[in-house]
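So the sequences go chain by chain: A and B. Using our numbering, read the first sequence as starting at 313 and increasing by one per residue. Using our numbering, read the second sequence as starting at 313 and increasing by one per residue.
Check the hints yourself; a few may be wrong.
Any copy will do: because identical chains look the same in the list, a pair fits if it lies in one copy or spans two.
Result set (BS3-like, lysine-lysine): computed pairs, CA atoms no more than 25 Å apart in a straight line [stated by the list, open to error]:
id : residue 1 : residue 2
1  : Lys492    : Lys354
2  : Lys368    : Lys493
3  : Lys368    : Lys354
4  : Lys493    : Lys354
5  : Lys516    : Lys492
6  : Lys493    : Lys516
In short, the hints are calculated from the structure, not lab data.
Number of protein chains: 2
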Amino acid sequence: MAVIARAAIVGGGVIGAGWIARLVENGIDVYVYDPDPDAIRKVEAVLENSRHAYAKLTNGPRHREGHIRFCETVSAAVSSAELIVESVPERLDLKRSVYAEIEAASGEDVLIASSTSGIMPSDLQSDMAHPERFLVAHPFNPVYLLPLVELVAGRATSPGSIELAREIYHSLGMHPLIVKKEIEAFIADRLLEAVWREALWLVKDGVATTQDVDDAVRYGFGLRWAQMGVFDTYRVAGGEPGMRHFLAQFGPCLKWPWTKLMDVPDLDDELVELIASQSDEQSGHLGIREMERIRDDNLIAILHGLRDNDWGAGRTLGEHEERLLELSKAPG
Amino acid sequence: MAVIARAAIVGGGVIGAGWIARLVENGIDVYVYDPDPDAIRKVEAVLENSRHAYAKLTNGPRHREGHIRFCETVSAAVSSAELIVESVPERLDLKRSVYAEIEAASGEDVLIASSTSGIMPSDLQSDMAHPERFLVAHPFNPVYLLPLVELVAGRATSPGSIELAREIYHSLGMHPLIVKKEIEAFIADRLLEAVWREALWLVKDGVATTQDVDDAVRYGFGLRWAQMGVFDTYRVAGGEPGMRHFLAQFGPCLKWPWTKLMDVPDLDDELVELIASQSDEQSGHLGIREMERIRDDNLIAILHGLRDNDWGAGRTLGEHEERLLELSKAPG
Numbered sequence: 313m314a315v316i317a318r319a320a321i322v323g324g325g326v327i328g329a330g331w332i333a334r335l336v337e338n339g340i341d342v343y344v345y346d347p348d349p350d351a352i353r354k355v356e357a358v359l360e361n362s363r364h365a366y367a368k369l370t371n372g373p374r375h376r377e378g379h380i381r382f383c384e385t386v387s388a389a390v391s392s393a394e395l396i397v398e399s400v401p402e403r404l405d406l407k408r409s410v411y412a413e414i415e416a417a418s419g420e421d422v423l424i425a426s427s428t429s430g431i432m433p434s435d436l437q438s439d440m441a442h443p444e445r446f447l448v449a450h451p452f453n454p455v456y457l458l459p460l461v462e463l464v465a466g467r468a469t470s471p472g473s474i475e476l477a478r479e480i481y482h483s484l485g486m487h488p489l490i491v492k493k494e495i496e497a498f499i500a501d502r503l504l505e506a507v508w509r510e511a512l513w514l515v516k517d518g519v520a521t522t523q524d525v526d527d528a529v530r531y532g533f534g535l536r537w538a539q540m541g542v543f544d545t546y547r548v549a550g551g552e553p554g555m556r557h558f559l560a561q562f563g564p565c566l567k568w569p570w571t572k573l574m575d576v577p578d579l580d581d582e583l584v585e586l587i588a589s590q591s592d593e594q595s596g597h598l599g600i601r602e603m604e605r606i607r608d609d610n611l612i613a614i615l616h617g618l619r620d621n622d623w624g625a626g627r628t629l630g631e632h633e634e635r636l637l638e639l640s641k642a643p644g
Numbered sequence: 313m314a315v316i317a318r319a320a321i322v323g324g325g326v327i328g329a330g331w332i333a334r335l336v337e338n339g340i341d342v343y344v345y346d347p348d349p350d351a352i353r354k355v356e357a358v359l360e361n362s363r364h365a366y367a368k369l370t371n372g373p374r375h376r377e378g379h380i381r382f383c384e385t386v387s388a389a390v391s392s393a394e395l396i397v398e399s400v401p402e403r404l405d406l407k408r409s410v411y412a413e414i415e416a417a418s419g420e421d422v423l424i425a426s427s428t429s430g431i432m433p434s435d436l437q438s439d440m441a442h443p444e445r446f447l448v449a450h451p452f453n454p455v456y457l458l459p460l461v462e463l464v465a466g467r468a469t470s471p472g473s474i475e476l477a478r479e480i481y482h483s484l485g486m487h488p489l490i491v492k493k494e495i496e497a498f499i500a501d502r503l504l505e506a507v508w509r510e511a512l513w514l515v516k517d518g519v520a521t522t523q524d525v526d527d528a529v530r531y532g533f534g535l536r537w538a539q540m541g542v543f544d545t546y547r548v549a550g551g552e553p554g555m556r557h558f559l560a561q562f563g564p565c566l567k568w569p570w571t572k573l574m575d576v577p578d579l580d581d582e583l584v585e586l587i588a589s590q591s592d593e594q595s596g597h598l599g600i601r602e603m604e605r606i607r608d609d610n611l612i613a614i615l616h617g618l619r620d621n622d623w624g625a626g627r628t629l630g631e632h633e634e635r636l637l638e639l640s641k642a643p644g
């Protein structure tokens, strides 16, 4: 069972809507505030995807969905929530002013979790009256299917808040990863940005098209990373002598003049146009909703596939798929 | 059917053995040269994995395996091969001297393909008598399951050699990716090295353990990358307004002081020890062969899962899985 019964979402964009979907699939009632007049339509489109995805997880009867209520004010959305999720645009001043509104209308010990993908929690919480119940809980798209959520404490965050957050997100079928030190962009996005920069160079220099880069990932290391991550992959690559051997063999390569990482490509109009037009050629035949649906079907298939092949206790994606399965079945 | 009937492998390490496995699963006879007295045992261990993996792909009768012969000299291995694969250690001088031995014993139009993961083909072929039939064909571990092979031409490589290579690797159930310009480390390894450097910093600075980094990948973007790649993922992230919108929104983040990419961490004894001991804690309970087997089972499950969810013509992993299925069934 979920640890909470009622949550508030402030900001119903792609990430906020993904949170709404995951929460209602867990039977949690969600109160939403978003000033965009188009927000309801956008949230409904995400919910349509998530319902389709969860239905694929099981042939049995579905769980009762939580209710969704769109509210006119932040205050109406958060006033009786047990968890308050902030998913507004990535501007420090905007987020701080939202926290002020939230604090004026909610209990002082209610958890407030920011979905920011890069701003440090200490910066976000610095003006708060009760910063100890604040943390970053950074999810990944599609939020209703991907298990990862990075939990990051700021200087004023209490250990109890992190522990409570861990319990809540675990109960939502997620994998809470507690980031050991506060840094900008946390863990996953730092890795992603590293790849992104290098990919920009490859396209800009005409070494590869966007399609080539995607194929290099999808037909190659992407298939490993859906199950193993970076270090375990190299552990295996080291063969029988293991990780120390691999580091001894691979280490010197770091000194080769291989990457352009020292340099940040200028994302000027020309490069934007090159990438966007290559991307159109690559995937313009599919609408975004269609791509989302295929992506979700593939994720379900991958999660199904991984369920039976464990890496050992506590390390399996299968357990999250089991949990998703559980969620998507009616209780009792 | 495979385009060739007989191949030579010079160098039977992890990659060479992976090539052997993929070739014999295609019914191709393979002649192997490796001076390591332990080579036969190591190759057999890889073949055991590949047989297990291909058996999982089908319940039907298996394809007739090609024969393997271990030879005493390079010359005996290559003399009647239709494709010569070089997988010796990554040293330019060693590779060049191997090519001299190969050229002395083989027909002048037989394709010679290096498995190097980083050296430029123009540098490798510069002393050859017939460099036009030389190219880089860079595979990914495990070679018998991962579809990607990067084909890279040097200055002296003929277009016909690239085309023939494309046909041969396609017939082996692979996805040949023709790299448009010769650069060191090609495409996939540049992306991988970018991630590797950033991951080293995260571990060195105590932000994350090796397990945390792997979990951030496995429970998050790794699940997307097994099917979508980098640019399509961001295309979807841009939502309905698409790729140009995403670039406009995300572009400025490049200027944030997020990564340490400008700086290469010193892989000193302390960092090696930190990574190796964390990796032992993470995965020391599994032997490397055991990890390989679980990895392969997961790859099979992922490939099975992706088969039914196409992105459109020519873009599906499913077709490679179909091809693997085909290979693993008896012909006729």
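We went through each hint and held it up to the structure:
Proximity of Lys492 and Lys354 under a CA criterion of 25 Å is satisfied in neither setting, with 35 Å inside one chain copy and 40 Å between copies. Taking the shortest alpha-carbon separations for Lys368 and Lys493, neither the intra-copy value of 38 Å nor the inter-copy value of 43 Å comes in at or below 25 Å. Taking the shortest Cα distances, Lys368 and Lys354 sit within 25 Å of each other inside one copy (22 Å), while across copies they are farther apart (42 Å). For the homomeric pair Lys493 and Lys354, neither the shortest alpha-carbon distance inside one copy (35 Å) nor that between copies (42 Å) is at most 25 Å.
For a Cα distance limit of 25 Å, the shortest separation of Lys516 from Lys492 across copies, 12 Å, qualifies, whereas the shortest one inside one copy, 36 Å, does not. Taking CA atoms no more than 25 Å apart as the test, Lys493 paired with Lys516 passes between copies only; the shortest distance there is 12 Å, against 35 Å inside one copy.
Checked against the numbered hints given earlier, the structure breaks hints 1, 2 and 4 and satisfies all the rest.
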